[in-house]
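Let the hints inform the model, and build the full structure from the sequences given.
Numbers 1 to 506, taken from the UniProt record's numbering, label the letters of the sequence shown in order.
Just so you know, the hints here were simulated from the structure itself, not pulled from any lab data.
Possibly wrong hints are sitting among the right ones.
For each label pair, taking beta carbons as the anchor points, the in silico distance ranges come out as [stated by the list, open to error]:
hint: 1; residue 1: F166; residue 2: P310; range: 28 to 36 Å
hint: 2; residue 1: Q303; residue 2: F255; range: 50 to 58 Å
hint: 3; residue 1: P100; residue 2: A459; range: 42 to 50 Å
The beta carbon of each residue, even a glycine, is placed where N, CA and C say it ideally should be.
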Amino acid sequence: MVARRQISEQYRWFGLAALSIGVAVLAVDATVLNFAIPAITTDLQPSAQQLLWIVDIYAFCVASLLITCGTLADRVGPKRLLLLGTVAFATTSVAAGFAPSADWLVVFRALQGAAGATLMPSTLALISVLFPIERERAQAVSIWIAIYAVGAAAGPLVGGVLLEHFHWGSVFFINAPLCVLMVLGVWLWVPEGSIDRTHRFDLPGAIASMVALFALVYGVKIGLLEGFAWSVVVAFGVAVVAGWLLRHRLLHARFPLLDVGLLTQPAVVAIVAVNFVGMFVAVGVLFFIAQYLQLVLGLGLIQSALYLAPSTVVALVVTIATGRVMGRVSPRRLITLGLLVLLVGCVLLGVGVQAWIPFGLRPGAVAGAMVVIACGAGMIDPVTNYFIVSVAPPNKAGQAASLSETGYELGAAVGTATLGAVVMMVFHQRAAVTELSQRALSTLAAAHEATSDDPALRAMVDTAFTDGVAAACVVAAAAVAVCCWWSARALAQTPRAALPQSSSTS
Numbered sequence: 001m002v003a004r005r006q007i008s009e010q011y012r013w014f015g016l017a018a019l020s021i022g023v024a025v026l027a028v029d030a031t032v033l034n035f036a037i038p039a040i041t042t043d044l045q046p047s048a049q050q051l052l053w054i055v056d057i058y059a060f061c062v063a064s065l066l067i068t069c070g071t072l073a074d075r076v077g078p079k080r081l082l083l084l085g086t087v088a089f090a091t092t093s094v095a096a097g098f099a100p101s102a103d104w105l106v107v108f109r110a111l112q113g114a115a116g117a118t119l120m121p122s123t124l125a126l127i128s129v130l131f132p133i134e135r136e137r138a139q140a141v142s143i144w145i146a147i148y149a150v151g152a153a154a155g156p157l158v159g160g161v162l163l164e165h166f167h168w169g170s171v172f173f174i175n176a177p178l179c180v181l182m183v184l185g186v187w188l189w190v191p192e193g194s195i196d197r198t199h200r201f202d203l204p205g206a207i208a209s210m211v212a213l214f215a216l217v218y219g220v221k222i223g224l225l226e227g228f229a230w231s232v233v234v235a236f237g238v239a240v241v242a243g244w245l246l247r248h249r250l251l252h253a254r255f256p257l258l259d260v261g262l263l264t265q266p267a268v269v270a271i272v273a274v275n276f277v278g279m280f281v282a283v284g285v286l287f288f289i290a291q292y293l294q295l296v297l298g299l300g301l302i303q304s305a306l307y308l309a310p311s312t313v314v315a316l317v318v319t320i321a322t323g324r325v326m327g328r329v330s331p332r333r334l335i336t337l338g339l340l341v342l343l344v345g346c347v348l349l350g351v352g353v354q355a356w357i358p359f360g361l362r363p364g365a366v367a368g369a370m371v372v373i374a375c376g377a378g379m380i381d382p383v384t385n386y387f388i389v390s391v392a393p394p395n396k397a398g399q400a401a402s403l404s405e406t407g408y409e410l411g412a413a414v415g416t417a418t419l420g421a422v423v424m425m426v427f428h429q430r431a432a433v434t435e436l437s438q439r440a441l442s443t444l445a446a447a448h449e450a451t452s453d454d455p456a457l458r459a460m461v462d463t464a465f466t467d468g469v470a471a472a473c474v475v476a477a478a479a480v481a482v483c484c485w486w487s488a489r490a491l492a493q494t495p496r497a498a499l500p501q502s503s504s505t506s
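As structure tokens, then:
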């Protein structure tokens, strides 16, 4: 073990490369599936409900299991959990690629999400083991985040190439060889982290956590998209009951699932909230901006992708640059600045889609606003992840990392549902004057098809959708503003000794 630890310290950047494969796999997997949906639909003939579960069940399982997996990493060791989770992720990916029916694909996607939930908190906890020096850890975290951004950007390209030449299952098969490389790299170059052998694993608390988070994400996402049906009401009821049981276990269990001390630190809660809001905006706006560019502005798929490509490049550059200055500027200032930039991006996006902007300039205005949003997100992500592993004790690194990642997953799920619901609500209200049927107004694409022979009516539909986009930008900006104000106060109230220290006073 000593020899292995010495090798890991000598080649810790190789270890970081191995850990980064994991986040790259998750990033590609999160974006590549959308391109395979048409082929899956043709082959497996899923119903609308089955198709929804094929897309969403993965995120639901990841979000509901992150806290449990983070605590499990502290109990059994983050390296051991990462290796087991990576093998499971590769296995379930291959099984998903061979799924004989839509029902089986839903099952394998759920198992894939359960395995994927082990990767993010384990890799982040192991980065703190590989890089005990704060300045190097800051650089490592920024590289880790940058690799995730590269993976997310590469997902559509990888998916397009694979689907052009192979069966739709290839978008899942590609995970297997990458996971093999990751297992070998982690085994050779990454030491085991701190293991908390003094506490037993709280199984009742874990079950309560999983049920509460799954029911909450399901209720929010399905409720905002489909309205408050009985299933949504039941989901919220289950979330409340399970949440109460989890709170009871955290306060009274001898060995609680989470260290309550982490949840009582204003800085930790603020970081989770910042991650939530960052993903709420960054992922949520993509839901309607792609439709706006293609349907309202009439751009092709490739043109739309090219207009959005600069934001990916900027996010990558800013993430790496932020990692270089984190050792010299306080995390509090960087987080506040990142949120302010994100706020400006939301405002610019809401202005850039307005009808009074010349039509030919609107694609550039949207692209510019998305660059600003990417810049803000690129500043926030490395700081919050560096912050969360720096303030937590070594034997609680997995728990802290899981809280951080839960904020990301919940923000992405709730952001897409909330901002999408705002867009469609305003769209339906504004487009009601067109007297189109409810079915024709179910989506912007359906409304375009119904107004294909009436340019004036289509223009009214496009204006209604544009108003919805602007309203969603206002909601996003308001969320960022509240988070900026609240997180700045929470971080200001945190004792200076409890914060990661910069090399300069700030």
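These are the hints, each one checked on the structure:
{"no.": "1", "hint": "F166 - P310: 28 to 36 Å", "verdict": "holds, 30 Å"}
{"no.": "2", "hint": "Q303 - F255: 50 to 58 Å", "verdict": "holds, 56 Å"}
{"no.": "3", "hint": "P100 - A459: 42 to 50 Å", "verdict": "holds, 47 Å"}
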